[in-house]
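Colleague: Dock chain B against chain A, hints included.
Okay, here's what each chain looks like letter by letter:
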Amino acid sequence: MIEFVRNVRLWFAPEQVRQEGSTPDYRFSLANERTFLAWLRTALALIGGGFAVDQFLPDLRWGWRVGLALALLAAGVLCSLRAVNHWIRCERAMRRGEDLPASRFPALLSIVVAVVAVAMVVVVLLGWAG
Amino acid sequence: MSGGTALPERDPGLQPERTRLAWRRTTLSGTVAAVLGVKTTLHGGPTAAGIVACALCCGLWLAFLLLAHIRIRSLTLAQTPAPLTARHAVLAALCPVATAVCAAALIV
Chain A
1 MIEFVRNVRL WFAPEQVRQE GSTPDYRFSL ANERTFLAWL RTALALIGGG FAVDQFLPDL
61 RWGWRVGLAL ALLAAGVLCS LRAVNHWIRC ERAMRRGEDL PASRFPALLS IVVAVVAVAM
121 VVVVLLGWAG
Chain B
131 MSGGTALPER DPGLQPERTR LAWRRTTLSG TVAAVLGVKT TLHGGPTAAG IVACALCCGL
191 WLAFLLLAHI RIRSLTLAQT PAPLTARHAV LAALCPVATA VCAAALIV
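So the protein lines, in turn, are chains A and B.
Counting from 1, position 76 in the first sequence corresponds to residue 76 in my numbering; the numbering is continuous, with no gaps.
If you count the second sequence from 1, you need to add 130 to reach my numbering.
Pulled out of the complex, with its shape left as it was, chain A reads as follows (with noise of 0.2 Å):
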């Protein structure tokens, strides 16, 4: 938690980022940016299907409905506040020379999008059947 609140401080002061160690070749700093980009566009998608599930399941329960959809939107606040975090691990580990920082983040965010598409299956046919 400390750490995440020492890269927030950094988001906000780029300068500090680029003193620490060297320059990397800019491949890779364009590599990162690709990457932080996908990540990007995987919160969008997640954002959309917030949309999507409350505009294409007009037959839910209210309380369904909007529980689903603000899964979906808070999963992709998550994904973006992390896109840039981790953007901001790499730059700073490809500066120090350092590994690049692992992260669980992948694997819990999958089990998440796993769980919220089994429950949108079971209520759609719950919904149908009932």
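Some clues are possibly wrong.
Stretches of chain B that chain A covers, calculated by requiring three or more beta carbons in the stretch to come under 8 Å of a beta carbon on chain A [as the list claims (entries may be wrong)]:
1) 147–160
2) 163–175
3) 210–223
Quick caveat, the hints were computed from the structure, so don't treat them as lab data.
Owing to the predicted nature of the structure, the values given are computational and were not obtained by experimental measurement.
All residues carry an ideal CB built from backbone N, CA and C; glycine is no exception.
Modeller: Frame of chain A, contents of chain B only:
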């Protein structure tokens, strides 16, 4: 023959081009999210609060488009592209976050 001396050395891995397309793809994803937001607003009669949230979504989309445009221009113009600045990255990441907040306001 080819006149290659006048042209800048081209990165054989096409890294700046790939990064440029990644920004474009991300903008496109944002467009889909914004269009779904507009659809949600118009569905079942727009309310005043809904229109404000929808306008914010569209504004955020424009902001992301602008960020992507600035980044793409700096990628294209520079001989060796400068790395993304932290401020740019934070602003780019805050656009989806704020869109999600508007979406929550629209849905609830």
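Colleague: All hints are to be evaluated individually against the structure, with a verdict given for each.
Modeller: Now the hints, each set against the structure:
Only residues whose beta carbon comes within less than 8 Å of a beta carbon in chain A count, and the region 147–160 of chain B has 8; three or more means the coverage holds. Under a criterion of three residues with beta carbons nearer than 8 Å to beta carbons of chain A, the stated coverage of the region 163–175 of chain B is upheld, 6 such residues being counted. Given a C-beta distance limit of less than 8 Å, the hint that chain A covers the region 210–223 of chain B holds, as 12 residues qualify and 3 suffice.
Checked against the numbered hints listed earlier, the structure breaks none of them; every hint is satisfied.
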